[in-house]
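Enquirer: Residues per chain are reported as follows:
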Amino acid sequence: MTALFIFSFFIQSLTYATPLLLASLGELFSERVGVINIGLEGLLLIGALTAVIVSTTTGSPAIGILAAMTTGMITAALFALFGVGMRRDQVIVGTTINFLALGLTGVLYRAWTAGGTKAVSAPTIPPLFGNGGTAVNAVTLGALLLVPVAHWLLFRTRLGVTLRAAGEVPEAAAAAGTSVNRLRVLVCMVTGGLCGIGGASLAIGISNTFTEGMTGGRGFIALAVVIFGRWTPFGALGAALLFAAADVAQARMQAAGVFRIPYPIFLAVPYVLTLLALAIRGGRAKAPAALGQPFEQG
Amino acid sequence: MRTSFAAFSLHRFSWLICFLPLAAGYLTGCSPAPESATPSPSVADSTTPASTPVAGKKIKAGLVTDVGGVNDKSFNASAWDGMQKAQKEVGAEIKYTESRVNADYVSNLTQYAQNGYDVVFAVGFLMQDAVKDVAPKYPNVKFAIIDGDAPNLPNCLSIKFREEEGSYLAGALAGLVTKTNVIGFVGGMQMPLIEKFEAGYEAGAKATNPKVSVKVGYAGKFDDPQKGQELALSQMGAKADIIYHAAGKTGIGVIKAVQNKGAGFYAIGVDKDQDGEAPGRVLTSMVKRVDVAVANAIKSAAEGKFQTGTIVLGLKEDGIGLSPMQYTRKDIPPAALKTIEELKAKIIAGSLKPPTSK
Chain A
0 MTALFIFSFF IQSLTYATPL LLASLGELFS ERVGVINIGL EGLLLIGALT
50 AVIVSTTTGS PAIGILAAMT TGMITAALFA LFGVGMRRDQ VIVGTTINFL
100 ALGLTGVLYR AWTAGGTKAV SAPTIPPLFG NGGTAVNAVT LGALLLVPVA
150 HWLLFRTRLG VTLRAAGEVP EAAAAAGTSV NRLRVLVCMV TGGLCGIGGA
200 SLAIGISNTF TEGMTGGRGF IALAVVIFGR WTPFGALGAA LLFAAADVAQ
250 ARMQAAGVFR IPYPIFLAVP YVLTLLALAI RGGRAKAPAA LGQPFEQG
Chain U
0 MRTSFAAFSL HRFSWLICFL PLAAGYLTGC SPAPESATPS PSVADSTTPA
50 STPVAGKKIK AGLVTDVGGV NDKSFNASAW DGMQKAQKEV GAEIKYTESR
100 VNADYVSNLT QYAQNGYDVV FAVGFLMQDA VKDVAPKYPN VKFAIIDGDA
150 PNLPNCLSIK FREEEGSYLA GALAGLVTKT NVIGFVGGMQ MPLIEKFEAG
200 YEAGAKATNP KVSVKVGYAG KFDDPQKGQE LALSQMGAKA DIIYHAAGKT
250 GIGVIKAVQN KGAGFYAIGV DKDQDGEAPG RVLTSMVKRV DVAVANAIKS
300 AAEGKFQTGT IVLGLKEDGI GLSPMQYTRK DIPPAALKTI EELKAKIIAG
350 SLKPPTSK
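Here the protein sequences line up with chains A and U, keeping their order. The letter at position 165 of the first sequence is residue 164 when you use numbering that gives the first Met the number 0, and the numbering goes up by one with no holes. The letter at position 32 of the second sequence is residue 31 when you use numbering that gives the first Met the number 0, and the numbering goes up by one with no holes.
Where hints are given, some of them may not hold.
Claimed, not checked - With a straight-line cut-off of 27 Å between C-alpha atoms, the simulated BS3-like cross-links for lysine-lysine are:
{"#": "1", "chain 1": "U", "residue 1": "Lys-343", "chain 2": "U", "residue 2": "Lys-329"}
{"#": "2", "chain 1": "A", "residue 1": "Lys-117", "chain 2": "U", "residue 2": "Lys-87"}
{"#": "3", "chain 1": "U", "residue 1": "Lys-315", "chain 2": "U", "residue 2": "Lys-304"}
{"#": "4", "chain 1": "U", "residue 1": "Lys-94", "chain 2": "U", "residue 2": "Lys-136"}
{"#": "5", "chain 1": "U", "residue 1": "Lys-159", "chain 2": "U", "residue 2": "Lys-178"}
{"#": "6", "chain 1": "U", "residue 1": "Lys-304", "chain 2": "U", "residue 2": "Lys-159"}
{"#": "7", "chain 1": "A", "residue 1": "Lys-117", "chain 2": "U", "residue 2": "Lys-260"}
{"#": "8", "chain 1": "U", "residue 1": "Lys-352", "chain 2": "U", "residue 2": "Lys-210"}
{"#": "9", "chain 1": "U", "residue 1": "Lys-329", "chain 2": "A", "residue 2": "Lys-117"}
{"#": "10", "chain 1": "U", "residue 1": "Lys-343", "chain 2": "A", "residue 2": "Lys-117"}
{"#": "11", "chain 1": "U", "residue 1": "Lys-343", "chain 2": "U", "residue 2": "Lys-205"}
{"#": "12", "chain 1": "U", "residue 1": "Lys-84", "chain 2": "A", "residue 2": "Lys-117"}
Hint data in this document are derived by calculation from the structure and do not stem from the laboratory.
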């Protein structure tokens with residue numbers, strides 16, 4: 000009984016952590032290469048809407064996920080055009096992406112549902128095993144497997160070294176023959192693709208619907224996840240799981256009727272933890288040195 | 000050199016972390032509306048007004064939604080339906096504006112008042128203070144607030160509903176249909192208005208099934224379907240087989256969670272007839288006829304008979320009721336439906352008064 004309870008608690012946390020994990024892995028790569036992309040919220044939202052529309056029209060959630068990845072990449076390319084190519088302030092470009100996505104998805108969703116009069120039932124990502132609260136789908140599994148792959152890529156390969164160099168001392172990377180900005184643009188697109196898949200997992204893997212602004216700040220929590228996870232993939236996994244578990248715990252506590260902790264406290268938890276992580280930063284936990292600084296190849 | 004560089008860059012973005020919760024709140028509170036939208040005028044032009052508007056002039060009615068937006072499949076959407084009904088029936092000129100954040104209420108209401116609108120609707124309890132601010136400045140404009148108290152002025156109307164009556168019937172039905180004797184309730188935010196739904200529901204369920212226990216959850220948000228899904232899953236994990244929501248877009252997540260769980264589980268919709276959101280899995284919807292109330296207010300204004308003060312609509316006035324249950328009626332025992340009708344008659348007769356708070 001207890002084992003089953005813990006198991007279902009863990010699986011549910013894992014499911015809710017998936018969009019966070021995918022977005023934060025994307026952001027992690029982005030920040031490691033020196034680009035701060037705070038447009039995650041918008042990228043998730045665009046992925047969510049694309050997944051719902053494409054999954055409904057084609058009847059295939061897999062095509063929906065692929066399409067979400069593609070629109071995420073296209074939007075991220077727009078971010079890269081301004082934030083990397085034209086060397087504009089990345090924080091401002093990211094904010095713009097968030098608002099653009101919020102407006103665009105709202106307008107498109109309304110047009111598609113004829114002003115919300117049509118009920119939408121998108122085909123959802125089928126579970127690999129389990130059912131209901133203990134189901135795990137392929138996207139969740141894929142996101143989990145991505146963690147060691149990302150770790151290996153970042154810390155055990157030549158590409159990883161180049162990537163981190165571009166984020167720490169871009170001049171050195173450039174001197175070694177790397178086209179820093181081309182690398183940054185590529186990584187931005189990967190971030191966009193991962194966010195797109197994250198949005199798809201939220202829309203057709205968890206909520207099974209799209210509503211305007213449904214990401215509800217998860218893109219910002221993903222930014223916190225990166226910092227709390229100290230810019231490492233396993234750290235991000237731990238942080239995403241922790242934040243998701245806090246959410247599941249509060250829902251279950253309410254259902255069990257034990258204590259009624261005011262909801263806003265849980266809403267604040269990720270940010271409080273992140274502030275703590277920043278406050279007690281020590282050892283090797285530092286943001287990449289050239290984070291957010293545009294680079295001009297000499 | 001390296002170290003100071005890193006410290007500098009971290010500092011550069013530290014402010015961002017402080018700003019994140021704000022930004023998240025702002026973004027989620029937003030609704031990506033076009034500032035205002037005018038429906039195609041062809042409908043109005045092709046219909047003859049049913050009654051002659053004052054001075055032969057078309058009546059102009061404006062609607063200000065709260066942050067849920069006109070597409071919330073819930074009470075904002077229902078208010079807009081009412082506006083469209085008035086457009087067809089009395090040829091009213093209609094327009095809506097969606098509030099992106101709470102701070103927009105005053106300016107949105109003022110805009111309509113300044114632009115010569117005859118009736119301005121404010122949808123939602125949250126707009127109560129904004130109406131109190133704006134209405135005294137425009138005595139020639141009629142203001143109507145849905146779900147909130149209007150200031151005591153000759154140009155203000157408050158339209159309220161006895162949600163506890165419909166919720167009582169929904170609870171009574173849930174009490175009769177549940178197999179596990181556990182049912183759930185998911186609210187958007189914990190406030191007196193939503194507690195009316197909760198209290199009525201629980202009382203109704205206990206009336207038809209004394210063994211029933213009610214699991215209650217609040218999401219803290221009206222626009223996050225994942226939160227609704229989470230709470231619904233947790234309640235179903237705690238043996239609930241019917242879940243009623245009063246949570247706007249968050250509630251869509253409740254319905255989808257139940258739909259995913261499949262046979263044996265039901266959701267109960269709210270505000271609009273949501274039975275079609277998951278055909279067969281939405282037991283019924285507690286329908287609040289905001290549309291009828293809005294259309295009637297415009298019609299009476301067109302006839303120069305706009306009523307001020309407070310109108311409270313319940314089962315008796317047909318302002319509240321259960322949906323026709325077009326997908327689920329066949330699965331509900333006839334005896335249960337009969338009991339619901341009897342309870343409804345008692346409430347209408349006044350011999351039964353569902354509670355409004357716990």
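Enquirer: Which numbered hints turn out to be false for this structure?
Expert: 5 and 10
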